[in-house]
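Trainee: Protein chains in written order, with the UniProt record's numbering: chain A, 154 to 367; chain B, 154 to 367.
Some clues are possibly wrong.
Pairs count within a copy or across copies, as identical chains cannot be separated in the list.
[Said to hold, decoys possible] Below, a list of computed lysine-lysine pairs in the BS3-like style, where the Cα atoms sit at most 25 Å apart:
id: 1; residue 1: LYS217; residue 2: LYS320
id: 2; residue 1: LYS322; residue 2: LYS261
id: 3; residue 1: LYS330; residue 2: LYS359
id: 4; residue 1: LYS307; residue 2: LYS320
id: 5; residue 1: LYS219; residue 2: LYS322
id: 6; residue 1: LYS217; residue 2: LYS261
id: 7; residue 1: LYS219; residue 2: LYS333
id: 8; residue 1: LYS320; residue 2: LYS219
id: 9; residue 1: LYS219; residue 2: LYS330
No lab work stands behind these hints: they were computed from the structure.
Please read these numbers as outputs of a predicted model, since none were measured by experiment.
If you want the building blocks of each chain, they are given just below.
There are 2 protein chains.
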Amino acid sequence: QSIYEKLGKTTRTVDVEIDTQIEQLRETKQRYENILALARSYSNHFSNLMQTQRLLSDQFLELKQKSFLLCDEFSYNAETQRVLVQNGEILLNALNYFISTLNTLCTKTIEDTIITIRLYETARLEYDACRTELELLSQGSHMNEKQDAFQKYKEKYEHLKSDVSIKLKFLDENQTKVMKKQLLLFHNAIAAYFSGNKEALDATMKQFNLKLIS
Amino acid sequence: QSIYEKLGKTTRTVDVEIDTQIEQLRETKQRYENILALARSYSNHFSNLMQTQRLLSDQFLELKQKSFLLCDEFSYNAETQRVLVQNGEILLNALNYFISTLNTLCTKTIEDTIITIRLYETARLEYDACRTELELLSQGSHMNEKQDAFQKYKEKYEHLKSDVSIKLKFLDENQTKVMKKQLLLFHNAIAAYFSGNKEALDATMKQFNLKLIS
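Taking the hints into account, I'd like the entire structure generated from these sequences.
Mentor: Laid out in structure tokens, this is it:
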């Protein structure tokens with residue numbers, strides 16, 4: 154059936170509304186996966202930077218002990234890097250929470266609906282294949298048998314279509330809620346960190362029930 | 154001579170003051186090279202982070218167009234990452250200036266004095282070797298010849314010692330001046346960037362005559 158459809162030799166049952174929603178969900182999933190991959194490299198690069206800040210702070214501290222003339226300069230540099238690492242730990246927790254939640258959204262929540270969609274698409278193919286056969290037969294001995302089978306495929310297809318429709322609706326609400334919260338966390342934690350606002354950073358973590366220290 | 158010295162079979166001419174200064178310079182060079190290496194990874198990790206921020210900002214902008222319900226969330230996230238990249242470019246210029254100046258200090262300025270130190274150390278070895286020989290000869294036909302050679306080695310040694318002494322003095326002043334300025338730049342640029350203070354970041358760049366855009 155699917156080959157006939159590609160060749161344009163047969164008709165397919167189309168539900169414009171649901172098919173559009175499915176298309177949109179697949180696009181959304183793709184985009185969220187991109188965001189997830191970028192958030193992961195964000196976290197990696199940031200964590201590498203923190204490691205360098207840690208080493209640099211130690212090195213500045215050591216030089217502070219050894220260098221009488223540049224004692225102050227090494228001292229405030231060591232302190233600044235130390236504070237950046239300290240706040241960085243908090244931001245890293247926020248980033249990792251964002252990543253973990255987005256990962257669950259993509260690989261569990263959305264994936265669950267995608268699996269139902271695949272079942273629905275198979276049922277649609279089977280239903281259309283049976284419908285095409287029935288149209289070609291037009292009259293004959295196996296007519297009744299075929300019509301029973303057709304009825305069963307039709308029911309299965311419609312049942313799965315309704316499943317998909319319900320799941321899409323719930324997913325859309327749920328997904329929007331989760332992303333709204335996560336995007337707010339991501340933004341507020343980053344904005345607080347990069348404005349050196351320790352209080353705002355702590356407040357953001359508290360707001361999202363995240364631990365301050367990993 | 155250097156083998157005899159290691160075996161403790163001969164004496165060596167020691168100038169405690171200058172030898173201590175040489176030892177300190179070698180330690181300082183080692184420490185500055187560590188700082189240089191760390192500053193280079195700082196700049197690399199930071200630049201990788203900026204690249205991710207750039208991609209993330211674009212991705213958020215794209216999602217802003219596509220997602221009606223999360224339009225605001227994607228919008229402010231895109232904007233924040235964009236501003237971070239914009240300020241990051243300036244910080245990166247400051248970091249690279251710090252790296253380039255420290256590199257010159259280690260590989261040119263300090264290295265120049267180190268080369269003179271090596272010549273001085275060779276002259277000291279030759280001078281001590283000649284002195285030892287002269288002591289062993291005590292009396293003999295080649296005494297005058299040897300004493301002429303000894304005189305020449307002695308002069309060469311003392312000339313180089315004075316060279317080293319002068320270079321060490323100038324290097325110390327110069328090195329302290331350069332590092333004082335660089336450590337201030339490094340600190341102020343980083344502190345301004347990580348407190349989201351664009352004005353202070355611009356002012357720091359101006360203070361050190363650095364371009365805002367690379």
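Trainee: Next, verify each hint and record whether it holds.
Mentor: Right, here's what the structure says about each hint:
no.: 1; hint: LYS217 with LYS320; result: between (62 Å within a copy, 24 Å between copies)
no.: 2; hint: LYS322 with LYS261; result: within (16 Å within a copy, 68 Å between copies)
no.: 3; hint: LYS330 with LYS359; result: within (19 Å within a copy, 46 Å between copies)
no.: 4; hint: LYS307 with LYS320; result: within (20 Å within a copy, 94 Å between copies)
no.: 5; hint: LYS219 with LYS322; result: between (66 Å within a copy, 18 Å between copies)
no.: 6; hint: LYS217 with LYS261; result: between (52 Å within a copy, 24 Å between copies)
no.: 7; hint: LYS219 with LYS333; result: between (51 Å within a copy, 15 Å between copies)
no.: 8; hint: LYS320 with LYS219; result: between (66 Å within a copy, 21 Å between copies)
no.: 9; hint: LYS219 with LYS330; result: between (55 Å within a copy, 17 Å between copies)
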